[in-house]
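Visitor: Assemble chain B onto chain A, guided by the hints.
Number of protein chains: 2
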Amino acid sequence: MGVPVPVEVICTGTELLTGKLNTNAAFIGERLAQLGLSLTAVTVVGDDQQRIESAVQQAMRRCAVIILSGGLGPTFDDLTREAVAAVLGRKLSQNESVRHAIAQRFASRGVAMPANNDRQAAVIDGAAVLPNANGTAPGQYLDVRLPDCQRMLKIFLLPGPPRELQPMFESAVVPLLRPLAAGITRQFVLHCAGLSESLIDEKIRPVIEAERKLEAEAITFGILAHQMVVDIKARVTGDDELLVDETVTVLKHEFHELLGDAIFGEGHDALESVVGKLLAKHGKKLAVAESCTGGLLSQRITAIPGSSLYFTQGAVTYANEAKTRVLGVSAATLESFGAVSEQTAAEMAAGMRRAAAVDYALSITGIAGPSGGRPDKPVGLVYIGLSGPAGTTVTRYHVPGSRADIRERAATQALDLLRRELLRYEVSSRPVKS
Amino acid sequence: MGVPVPVEVICTGTELLTGKLNTNAAFIGERLAQLGLSLTAVTVVGDDQQRIESAVQQAMRRCAVIILSGGLGPTFDDLTREAVAAVLGRKLSQNESVRHAIAQRFASRGVAMPANNDRQAAVIDGAAVLPNANGTAPGQYLDVRLPDCQRMLKIFLLPGPPRELQPMFESAVVPLLRPLAAGITRQFVLHCAGLSESLIDEKIRPVIEAERKLEAEAITFGILAHQMVVDIKARVTGDDELLVDETVTVLKHEFHELLGDAIFGEGHDALESVVGKLLAKHGKKLAVAESCTGGLLSQRITAIPGSSLYFTQGAVTYANEAKTRVLGVSAATLESFGAVSEQTAAEMAAGMRRAAAVDYALSITGIAGPSGGRPDKPVGLVYIGLSGPAGTTVTRYHVPGSRADIRERAATQALDLLRRELLRYEVSSRPVKS
Chain A
7 MGVPVPVEVI CTGTELLTGK LNTNAAFIGE RLAQLGLSLT AVTVVGDDQQ
57 RIESAVQQAM RRCAVIILSG GLGPTFDDLT REAVAAVLGR KLSQNESVRH
107 AIAQRFASRG VAMPANNDRQ AAVIDGAAVL PNANGTAPGQ YLDVRLPDCQ
157 RMLKIFLLPG PPRELQPMFE SAVVPLLRPL AAGITRQFVL HCAGLSESLI
207 DEKIRPVIEA ERKLEAEAIT FGILAHQMVV DIKARVTGDD ELLVDETVTV
257 LKHEFHELLG DAIFGEGHDA LESVVGKLLA KHGKKLAVAE SCTGGLLSQR
307 ITAIPGSSLY FTQGAVTYAN EAKTRVLGVS AATLESFGAV SEQTAAEMAA
357 GMRRAAAVDY ALSITGIAGP SGGRPDKPVG LVYIGLSGPA GTTVTRYHVP
407 GSRADIRERA ATQALDLLRR ELLRYEVSSR PVKS
Chain B
7 MGVPVPVEVI CTGTELLTGK LNTNAAFIGE RLAQLGLSLT AVTVVGDDQQ
57 RIESAVQQAM RRCAVIILSG GLGPTFDDLT REAVAAVLGR KLSQNESVRH
107 AIAQRFASRG VAMPANNDRQ AAVIDGAAVL PNANGTAPGQ YLDVRLPDCQ
157 RMLKIFLLPG PPRELQPMFE SAVVPLLRPL AAGITRQFVL HCAGLSESLI
207 DEKIRPVIEA ERKLEAEAIT FGILAHQMVV DIKARVTGDD ELLVDETVTV
257 LKHEFHELLG DAIFGEGHDA LESVVGKLLA KHGKKLAVAE SCTGGLLSQR
307 ITAIPGSSLY FTQGAVTYAN EAKTRVLGVS AATLESFGAV SEQTAAEMAA
357 GMRRAAAVDY ALSITGIAGP SGGRPDKPVG LVYIGLSGPA GTTVTRYHVP
407 GSRADIRERA ATQALDLLRR ELLRYEVSSR PVKS
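Residue numbers (the numbering used here), protein chains in the order written: chain A, 7 to 440; chain B, 7 to 440.
Because the hints were derived from the structure by calculation, they are not lab data. Incorrect hints may appear among the rest.
Identical chains share a label here; the pair holds if one copy fits it or two copies do between them.
[To be verified] Derived DSSO-like pairs (lysine-lysine); straight-line CA-CA distance at most 30 Å:
id, residue 1, residue 2
1, Lys258, Lys26
2, Lys160, Lys26
3, Lys290, Lys383
4, Lys383, Lys258
5, Lys26, Lys239
6, Lys283, Lys383
7, Lys287, Lys258
8, Lys209, Lys26
Okay, chain A solo, but in the shape it has when bound (with noise of 0.2 Å):
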């Protein structure tokens, strides 16, 4: 397997040096990973001519491609095209299918081009433009030969704003970097919920330590939680294709047996969405109760298009009057034992299901903190309801962090604990082979 082309990314803009975040940066950086090229450096450095033209020197001397984002507009600080064309000692000409394209741009929303969009124009001699659907720059592409090493440099020019670079990146820069890339890759990713990443790492361990017999062939592991969520990671890469494929399928077989139930999705799955899937599969209806979350599950539910399908009503019952008057809670319960305990948990996910006359719900309370807590009730303390047809459950969890993390930690154990439970519905449910 040969070694990665090395590619240096450079951006430019002051925001970026003044707080704003380099979304670019890691952006090209994930796609260059997935590609099996390696990013080896990024610089970035304000709107200014001669710094954009030391950074792209250095460059040149280090890598064999050269991504630099942003400069492309129209105003005066816009100054990445005249900083490559003076390292290059090549000219800038005025493109006239570039400027007739800027300015039919203009004229679609009734508006005369302005004269400053001239400068966006501007192509370096030798150039590729590269065409932009979501903005007025255009990018550049130069295939350059160094003098002095006869050493091949890919140069791009990509516009700043995500919206026009990222799909520039992948119609124009992908197919022209994908030849470059050290072999074939593959990645996948595998969410898992309901253990911690701990007990993940330990049980993964045999595969990720396992000596792959293939040979020539890479594989990084990575593991990251985020918010009681484990995501794993494996990048497989080789020079064979068929055998890159077959790597990555013995792997995904051999996580799944480690962690059954507990991977809930691969690559874009997020929890919310493979509920939505199993409770449409099997034309189930949901309702939620939420005291601590105030709303947060009901909007995670809701944010997968389509959830009206299965998702008919969420109750924020803040007050403890609202929890009785809405959801039935006996006020002797909430006198007895307090807004957060498994009795109420019980009462308001009974007393969804009941007044929306759904399949399943769920309901949460807790403590949110960041005050509120006692010794015997601690912030972070969270019991989880679950309402179904076989009755109702409560579950009791001590989640730690911020009130944020601890509202959105306590969501996603709610919606784990459906989870499974549709999954054992399914078991349940499934006809015996006679």
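Guide: Below, chain B alone, put in the same frame as chain A:
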């Protein structure tokens, strides 16, 4: 006023080259700007000693302060200490008191210190140790006289995790950098709602274009819109603290004169906290009824600690049946006008106010998309109802963006409607001077 001293940041960590957002660079950039210092470049390199060394060498030639983040951990790929020592031609020595502090940290958790944590006790000769209250890796600080040019250079080595870096930056780095700032810097952010970014831009032009007479003073302005909240940022730098403070006061006054009630807060104020404070101040209670926002409005209101003081209940009535059962929206209204209509929004708000027996109730019904739009009721159409002592009103919006954008923006508009109503209440209930 002097020229600001150039500062460079070098972030190490392969994860920053494969998709992780560089929050440390954004944090440091923002803080330096607030201090009146100039971040001139950020370089990101992987966990590779040679590349870290080369980044430090290059930065040394250009700047007066280098801040490194990351690579201070205990494992083999934590190489920042070694790289900086090599560039400066200095030795690393085991620091006994650092070693002791690390061992203590482990002991307090009942764990023996692993052997590789020894590496974290290695301090560059001549460096000051910066204590780490939130992790094992101490920071290091060097004041170096460059041999070739007699220039002084400050080098800071900070840990990578933001929860360790940020407090260390505040306590140990800021005091050493503040004297390098070119003058006194103050900045402020005003948050506006209910007016578009371009309208605000137009209204505040006179302030931005005014030629301030104060000598040797620099003012920079910025406008940033995010989900219908528009932030106006201003930074004032000068040599005379009194003049700088006075300018800040004048600018704020002018913005308030021009924008009035559109400004809802400053700094860390959020719309939901401002609304919460107004409700608490006047002893008023709030309940909300949501359809398309699915709990997001409740969630934002209850994200504020202490919101149980004024928020009693939320209803997420996703199904029409729930709108009727929970809020008393009449079947005839739903039939004739549809769930997304002025009439339904009005009945939702009035019904919630009655059911929850509160002073104010908000309602939101709309089409969040991506599907479900029709020519007469397109995606983004949102009705917001507000029911209070003065009656019930409904406002119609056409909100652009994705499903998530539409939900977020509708919730923002609802909060702003209530805020303006509470301000009117405040004015009308003010005692008349005799």
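Visitor: Against this structure, judge whether each hint is valid.
Guide: Hint check:
When the C-alpha separation of Lys258 and Lys26 is checked against a cutoff of 30 Å, the pair qualifies only between copies, where the shortest distance is 24 Å, while the shortest distance within a copy is 37 Å. Taking the shortest alpha-carbon separations for Lys160 and Lys26, both the intra-copy value of 28 Å and the inter-copy value of 25 Å come in at or below 30 Å. In this assembly of identical chains, Lys290 and Lys383 lie within 30 Å of each other by CA distance solely across copies; the values are 29 Å between and 34 Å within a copy. When the C-alpha separation of Lys383 and Lys258 is checked against a cutoff of 30 Å, the pair qualifies neither within a copy, at 41 Å, nor between copies, at 45 Å.
Within a single copy, Lys26 and Lys239 get their C-alpha atoms as close as 28 Å, and across copies as close as 13 Å, so both meet the 30 Å cut-off. Taking the shortest alpha-carbon separations for Lys283 and Lys383, only the inter-copy value of 27 Å comes in at or below 30 Å, while the best intra-copy value is 35 Å. Proximity of Lys287 to Lys258 under the C-alpha cut-off of 30 Å is restricted to the intra-copy arrangement: shortest distance 24 Å within a copy versus 57 Å between copies. Taking CA atoms no more than 30 Å apart as the test, Lys209 paired with Lys26 passes between copies only; the shortest distance there is 25 Å, against 39 Å inside one copy.
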